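Could you put together the complete structure from these sequences and hints?
Protein sequence lines correspond, in order, to chains U and L. Counted the way UniProt numbering counts, the first sequence spans residues 1 to 459. Counted the way UniProt numbering counts, the second sequence spans residues 1 to 494.
Among these hints, one or two may not hold up.
Listed next, the stretches of chain U that the computed footprint assigns to chain L, with coverage defined by at least 3 CB atoms under 8 Å from CB atoms of chain L [said to hold, decoys possible]:
{"hint": "1", "region": "30-36"}
{"hint": "2", "region": "371-384"}
Listing some non-contacts, in silico: residues in chain U with all C-beta distances to chain L over 12 Å [what the hints assert, rightly or not]:
{"hint": "3", "residue": "P151"}
{"hint": "4", "residue": "G196"}
{"hint": "5", "residue": "A445"}
No lab work stands behind these hints: they were computed from the structure. As the structure is a prediction and not an experimental result, all values here were calculated from the model. Note that the Cβ used here is the ideal one computed from N, Cα and C, for glycine as well.
Chain by chain, the residues:
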Amino acid sequence: MSEPTVVTVGADMFAESVEGQAVTVERVDWRPPMPGTEADLAAVATDPRRVEANQKAVQAMLGVTAHLVDVAPASEVLGLEKGQFLHAGPPLEWARASGPMRGALMGGAALEGLVDDPEDAVALFESGSSVSLEPCHHRSAVGPMAGVVTPSMWMWVLEDRATGKRTYCSLNEGLGKVLRYGAYGPDVLTRLRWMGDVLGPLLQAAVRGTEEATDVTGILTQMLQMGDEAHNRNRAGTLMLLRDLSPAMVDAGFDTKDVADVLRFVGGNDHFFLNLAMPACKLALDAGRDVPGSTMVVAMARNGTDFGIQVSGTGDQWFTGPAQVAEGLFLGDYGPDDANPDIGDSAITETAGIGGFAMATAPAIVRLVGGSVPDALATTRRMHEITLAENPRWSVPVLEFQGTPTGIDVTKVCRTGILPQINTGMAGAVAGVGQVGAGLVTPPAEIFPKALAALASRV
Amino acid sequence: MKDHVELRSGAYADSVTLLQVSRAVQAAPGVVAAQVAMATGLNLEVLTGMGFDVPDSSPNDMVVALRLDDDADVATALAAVDAALVPTRPSSGDTTLAPPRTTASALERSGAGAIALVSVPGASATVEAMDAVEAGHDVMIFSDNVPVAEEVALKTYAASRGALVMGPDCGTAVIDGVGLGFANTVRPGRIGLVAASGTGCQQLLALLHHAGATQEGVGVRHALGVGGRDLSSSVGGLATREALRRLDADADVDLVVVVSKPPAPEVAEALSTYADGLATPVELGLLGRGQRDLTAVAEAVLARLGHEAPEWPVHGADNTREATGPLLRGLFVGGTLCDESMLMATEAFGPVRSNIPLSDELALGDDLLVDDHTFVDFGDDALTQGRAHPMIDPTLRNEQLARAAADPATGVILLDLVLGHGAEPDPATLLAPAIAAARQDRSIPVIVSLVGTDLDPQGLDAQRDTLVAAGAEVHLSNAAATRRAIQLIEGARA
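Quick look at the structure:
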């Protein structure tokens with residue numbers, strides 16, 4: 001035994017007493033856990049499976065490399081049939097769906113030819129006949145904002161070559177009035193049709209014609225060192241993707257005007273890469289699923305009404321609470337009253353340790369909520385308090401290349417009361433409006449004690 | 001209302017800044033709506049949607065669009081735009097690291113070899129302690145009211161990690177001269193202590209330190225606490241074994257002493273077998289009926305090291321007259337000191353009553369006072385729930401002291417007072433008035449065992465003098481104090 005350093009948690013008199021003996025003391029800023037969680041926390045803490053289960057879940061997640069292997073319609077790769085709609089977040093019925101979710105579903109129904117006028121889709125969804133709703137997550141997919149996927153939409157296909165597991169995400173439409181923000185006007189549908197007719201097929205040809213499949217995880221590694229946090233800023237990632245795919249696009253033998261349109265569209269949409277970052281995160285997190293005893297969060301997702309999480313040790317069960325309204329900046333003369341509660345599967349990025357968790361690496365967007373660069377550093381450091389590991393591939397230069405905080409631990413959230421920080425866009429509350437702003441949001445606190453109780457009941 | 005729209009070629013700010021600028025200008029007097037943005041297609045759409053008429057522009061132009069009250073001054077509003085566009089920087093960027101929020105996080109920062117000291121409420125103690133064990137660190141858990149099942153789980157896991165769990169309800173540890181929790185400052189030496197008892201450990205520290213003043217080489221290298229329940233049948237001595245293993249492996253330890261409140265017999269037996277298998281000699285000082293008291297254990301340790309036991313000091317014996325009644329009232333802050341006195345009193349008087357009784361039928365009710373010899377441990381879990389330990393807050397014991405003094409059957413009052421790190425800075429001064437008040441009417445003998453060393457922050461001599469001045473008779477040995485109290489009661493009965 002050598003001269004010890006002492007970590008104190010609890011009564012400060014003991015810390016003072018040790019310091020008085022000229023010994024270095026590190027004090028824990030301890031506060032009582034979330035109300036009513038003490039017994040469940042103790043039960044889960046002493047679960048003999050927990051430590052190894054979490055190591056296993058974390059290692060499985062960190063071990064995944066996502067390669068871009070195909071682009072194809074949802075009808076082909078997901079077996080989605082006419083009348084079947086995927087959406088973001090935990091399960092949802094039309095009756096509880098928010099404005100932007102309804103708007104996106106209505107636009108999707110028109111896109112599939114179920115109705116001529118999107119407005120007519122209201123009756124269709126109210127009747128519930130010949131239409132069905134299902135979370136993207138239940139089909140190995142993720143969707144930003146409303147996340148509505150219909151059979152004719154083209155999907156990115158990512159694969160973990162070690163296991164052959166795949167995840168899927170639709171193609172990004174750009175910002176402003178777009179389907180995923182609940183807009184369904186003629187321009188929105190025209191753009192979606194063009195994406196189905198031109199963008200999707202050309203990307204398919206490019207992906208299939210690119211000799212070495214694009215390493216999406218590798219691009220994430222690089223973009224995190226180029227000022228992107230891969231949720232609200234995907235600028236570097238988008239350009240790197242374009243660099244990888246452009247030669248094969250040109251070689252694919254498509255009409256040069258179409259190629260130019262696609263290059264213009266992708267290059268002009270800073271968020272294009274988001275729809276690859278998301279399924280890459282999901283692919284990694286899915287590898288960490290279903291480890292009995294693990295307290296790691298494997299999905300955070302919002303449907304505009306509910307915020308839900310899934311946890312490795314509790315299978316496919318969703319723990320849900322009311323989605324919150326983000327705080328941030330608004331477009332035009334929109335204000336907080338115009339914003340819909342939090343929506344989208346894009347919080348999969350934070351679940352994997354980027355997005356809001358990697359805020360320190362993206363100083364360009366820290367003022368999104370009137371924050372400062374020190375706030376961004378503090379946010380990323382704070383997230384280390386609730387995570388199980390650091391991602392060695394995803395490092396933050398300004399924090400001495402510390403890995404991003406990875407693997408949210410339900411117990412640490414309940415212990416510290418620190419909620420995961422999510423960067424997000426804000427959709428208008430009324431169907432058809434589209435984007436009204438962007439900002440920061442957290443999950444409703446109560447879902448973590450719910451998940452903890454379920455973990456405790458399985459000890 | 002009136003609109004003002006202007007283009008600023010060559011001006012640039014990022015979209016987030018411009019959103020902030022727009023928001024700031026909207027708040028300016030007379031401004032109904034404001035949008036300051038680069039003239040991108042999307043922004044032009046937004047501006048048009050707001051009803052602004054924007055002249056031909058390129059995406060590199062900045063558009064300033066204002067909608068003002070009729071009587072508002074355009075120049076004033078534009079000044080607000082300019083002011084908002086001036087880049088602002090936080091005057092003092094706070095980049096210091098926020099303090100850690102969990103024990104795990106703190107241990108990551110402090111590096112290998114750190115020891116965790118947990119004193120959060122019992123319901124949360126296991127969770128913090130698990131952080132330490134999980135990371136392979138030793139942990140002392142001062143907290144009490146921790147369920148025994150959690151203690152077993154913690155210690156079982158710690159055994160697989162080679163970590164030592166001192167506690168829960170571990171009051172005292174001294175590691176390489178550093179006192180954790182309630183601990184006395186002692187001169188270093190080659191004795192290792194393992195203690196399932198905080199005040200038992202402190203009594204031995206104090207006695208050995210006193211002996212060491214005159215006996216060369218007597219001193220304590222480490223005192224490892226294991227928690228009061230470690231030698232119960234449910235915990236089975238898990239931490240005691242780990243502590244013994246550590247001290248046995250330490251080349252600077254010549255002799256190991258184990259002190260404990262009365263252990264479960266089968267655990268004591270297994271422990272004895274385990275100790276016999278170690279290379280380092282082990283002196284077992286396990287309290288119990290028919291067993292030695294702690295002072296006798298200290299004397300045995302000294303004998304094994306080839307030293308004579310010194311005279312254990314007594315002060316203020318002149319204060320004490322005969323007992324004023326038939327009953328002995330023991331009021332303790334130290335659980336093991338209470339146990340030790342109670343065992344001695346039982347041998348002298350037969351069964352006595354206590355809130356930590358030697359057997360269940362001897363339990364005291366809530367009023368802690370009956371028509372029998374009584375021994376109260378104010379550090380017991382039931383009396384510390386929702387309040388500080390009596391070594392920190394003497395209120396409860398002082399109240400009971402007054403009640404005992406008021407009872408005409410009370411013949412002698414027996415107290416302990418424990419010095420060292422973590423204890424009150426001047427406990428004698430808090431206790432002295434209560435002693436003086438108790439003695440005021442009938443000069444009830446008040447015998448105090450004052451457990452401490454001359455190196456303790458409070459100063460042993462000053463504390464002793466304060467108590468003697470208040471009328472107490474002060475011993476260093478709790479066994480000697482108890483023996484004196486028993487003699488006085490027996491004298492009154494004779």
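Handout entry: Violating hint indices (sorted, rising)
Key = Nothing - there is no hint that the structure violates, so all of them hold.
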